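S.K.: Residue-level listing of the chains:
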Amino acid sequence: MDKILRNRKAVLVFLLPALLVYVFTVLAPILWSMYFSFFSWDGVSDMVYIGLDNYTKMFGGDKTFWKAFSNNLIYVFIIVAMQVFLGLLVAILLTSITKGRELFKTLYFAPAIITSVAIAQLFTSVYSFEPVGMLNFILQQLGLGAWSKPWLSDLKWALGAVSVPEGWRYIGLYMIILYTALLSIPSDIEEAARIDGASSWDLFWSIKMPLIKPVLTVSIIMATTGALKGFDIPYLMTNGGPGRVTELLPTYMYKTAFSSLDFGYGSAMAVFIVIESLIAVAFIRRMMESKET
Amino acid sequence: MKAYGKWLILALSLVVLTALVSACGGGSNTGSTAENGSGAPENAGQKAEKKTYKWFVARGVDSPPAVTVKEIADEFSKTHPEFELVLEGTGDRPSYLQKLRTLIASNEMPAMFDTDPDAYASKLIEKGKLVDTKKLLQDLGKYDAFRPVALQYQQFADGSMYTLPIEYGIEVFWYNIKMFKDLGLQPPKTFDEFLKVAETFKQNGITPIAVDGKDKWPVLRYLAFEPFRMTGNDFIENVKQGKASFKDPAGMAGINLVHELGTNGYFQQGFSSTDYTAARDLFLAGKTGIYYMGSWETMNFSNDKLSADMKDNIGFFRLPMMEGAKTAENDYFINSGIGVAFNQETFDDTMKEFVKFLLEKYPEAYTKKGQFSPFNYSLDQAQGMPEVFYKIQDEIAKSGSVFAVPWDTRLDPATNELLGNELNALALGAHTPDDFADLMDQAIKENAPKYFK
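Which chain is which? The protein sequence lines are W and D, in order.
For the first sequence, the UniProt record's numbering assigns the number 1 to the initial residue and increments by one for each residue that follows.
For the second sequence, the UniProt record's numbering assigns the number 1 to the initial residue and increments by one for each residue that follows.
Hint data in this document are derived by calculation from the structure and do not stem from the laboratory.
On a predicted model such as this, the values are computed, not experimentally measured, just so you know.
Note that CB positions come from ideal geometry on N, CA and C, so glycine has one too.
There's no promise every hint is true.
Stated by the list, open to error - Far from chain W by the CB rule (all over 12 Å, computed), these chain D residues:
(1) E71
(2) E84
(3) D92
(4) P94
(5) L100
(6) I104
(7) S106
(8) E126
(9) F271
(10) E297
(11) N300
(12) E329
(13) T409
(14) D412
(15) A430
Said to hold, decoys possible - In the DSSO-like style, the derived pairs of lysine-lysine whose C-alpha atoms are separated by at most 27 Å in a straight line are:
(16) K123(D) - K450(D)
(17) K156(W) - K450(D)
(18) K149(W) - K287(D)
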């Protein structure tokens, strides 16, 4: 086996099938979308070449597009905050207990394996106002009845309400990733720091954080790109509504292509989402690196 | 040794590749035969190959129409072993349409599928993709067996017809008799009375109306009520092409009604995310006074489906009237449901024979399930159906010949998408009625020219 691994050509041959699959399922559709984005097409009639018109419309006059874009940024913010920072918090807490660690790990991870549809259903009933759902019931029991509201129909709160389930769902996933990173820190470093008189906070901020930073960067990138293409839960819970208050770029793209039957314009948005994700990745890398200096 | 290793690797990767390629190829091959039903017998000696026809269903595979058709298809298969009907359904209407349109855009149109006579369907017809069902019914000598409205509903403005009706329903306001009595209310006859009833409910701390806002069309009905009373279907037929404006009196009347019902809290709180069953359950649990829905729900309002509290407690009233109304009291939303379209490419003799068989068996089988069929067919008292069934059956017999068309089957897809989204926002007070009218006019100006020439 060693010999095979040392043979570069052999490795290349083995990489080929995966590369082919990747090209056909990821790269080709992206290129295809770029091609479609220069046309006006309803999926039935002939395609009409319109050059950059779709992009002009997107960046120029389409208010819904910008609304969806800004919604998407809020969505990303809530989700990254929940997934990475709550995930990190839980991971740190886990490293400092010994009893019941496995139980906590399993429980926190469980939502990650439930399907989106079930989660959307679950949270729809949690948020429900009539008949009263769990959240509003608890608020009423706590004497905070004035705060209870139909969360998913509230123009101000709906976006937050549809963001939380997605964030909540993957806390466990990032917890596991960050927990493993924390565990991989050699214990002698920690002991040495303790002997030098570092407080728990110093230990965390000056020793552990820098050591897990590469993992943290990857986690933030994964959470951000995940949220940028956020689709299923908002789509299932509110379908972008009421109005456009929970519209995200992917839901708007999907509806434009498949409900409004404007495949060209939908494709232009898809291309935008790809570029936006690439920019986000570059931005996060830059930010995390510059912190080092 | 080194050379041997190389060969081993090459051989292995070849195996992997072939497996991959053949898996893909095999998959798509079987897929296309199944969907197109194009498997022909190879030679005379062999038994005829089974042809599988797919029906892509919008109404849920366990809904009475789908179940009835499936039962009849299975019966048909007994005498025609080569025929098999496979049903495939998708949850809600928006995802159904999206999936269907994706299938069609990728050239995988099912043998049968549900569609309204909308702008999209007319594009398919332009391309010659659908079977002319008017001609089909005339060929089979079944055209006159249908209720006239059932067929009219499936027709385009020019009278052509490409979908087969398999349902029939009138739409009424179902109401809670006891709640009305307790508050000393009568079923409203006019829209003014309707709003007064709603206000009285609200004053007494009861939610007046349950509505399914998630699917959008039930709220869209409220927008269409007053325009229908004022102009019949003229307003929608004109406004969809930009020949009329939402700022016209009919349009504003509709917009104002939705705005008023929504912002005054006459719909249940959180209605925009309430789905079909949740809205119905609110009404059936006695939490709201009124629920607007079609007669296809009749059996759910019959006593054996109800809790003890709700027994004999559900009545219905017609669409209210208004001064200067152009349509009569017994004209309201009547429809024959989403129709079934047939793929021209897969419509062979077996399929035609099946349709003939279906039309023979359907009226009785379907009506006995407590449903109302698009055929001239009714059950007498001896059949022992629930009382509310006979009441609706009578109401259907008395209904007029002018019927309101659902707007979502008339507008172009892009405007329709926007309207569905923004209408809930209007009811929640995010738009003023004027802004909403402007928004819609703008959308029609932009999108309608692509669909109406």
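S.K.: Are the hints correct? Go through all of them and say.
M.R.: Okay, the hints, checked on the actual structure:
No beta-carbon of chain W comes within 12 Å of the beta-carbon of E71(D); the shortest separation is about 29 Å. No Cβ of chain W approaches the Cβ of E84(D) within 12 Å, the least distance being about 28 Å, so the stated non-interface status holds. Not every beta carbon of chain W lies more than 12 Å from that of D92(D), the smallest distance being close to 9 Å; the non-interface claim is violated. Some Cβ of chain W comes within 12 Å of the Cβ of P94(D); the nearest lies about 6 Å off, and the non-interface call is violated.
The Cβ of L100(D) sits about 9 Å from the closest Cβ of chain W, inside the 12 Å cut-off, so the non-interface label is violated. Non-interface call for I104(D) relative to chain W: violated, since the shortest CB-CB distance, roughly 7 Å, does not exceed 12 Å. A Cβ of chain W approaches the Cβ of S106(D) within 12 Å, the least distance being about 9 Å, so the stated non-interface status is violated. Not every C-beta of chain W lies more than 12 Å from that of E126(D), the closest at about 8 Å, which undercuts listing it as non-interface.
The beta carbon of F271(D) is not kept farther than 12 Å from every beta carbon of chain W, the shortest such distance being approximately 7 Å. Non-interface status of E297(D) relative to chain W is upheld: no Cβ of that chain comes within 12 Å, the nearest being about 19 Å off. Distance check for N300(D) against chain W: the nearest CB is about 18 Å away, which clears 12 Å, and the non-interface claim stands. Non-interface status of E329(D) relative to chain W is upheld: no Cβ of that chain comes within 12 Å, the nearest being about 32 Å off.
Even its closest Cβ contact with chain W, about 14 Å, leaves T409(D) beyond 12 Å, as expected for a residue assigned away from the interface. A Cβ of chain W approaches the Cβ of D412(D) within 12 Å, the least distance being about 9 Å, so the stated non-interface status is violated. Look at A430(D): its CB is around 5 Å from the nearest CB on chain W, not clear of 12 Å, so calling it non-interface is violated. The hinted pair formed by K123(D) and K450(D) meets the criterion: a straight-line CA distance of about 11 Å does not exceed 27 Å.
Taken as a hint, the K156(W) and K450(D) pair is broken in the structure, with Cα atoms around 35 Å apart against an allowance of 27 Å. Note on K149(W) and K287(D): the hinted pairing holds, with a Cα-Cα distance of about 17 Å set against a maximum of 27 Å.
Figure legend: structure checked against the earlier numbered hints; hints not met, in rising order: 3, 4, 5, 6, 7, 8, 9, 14, 15 and 17.
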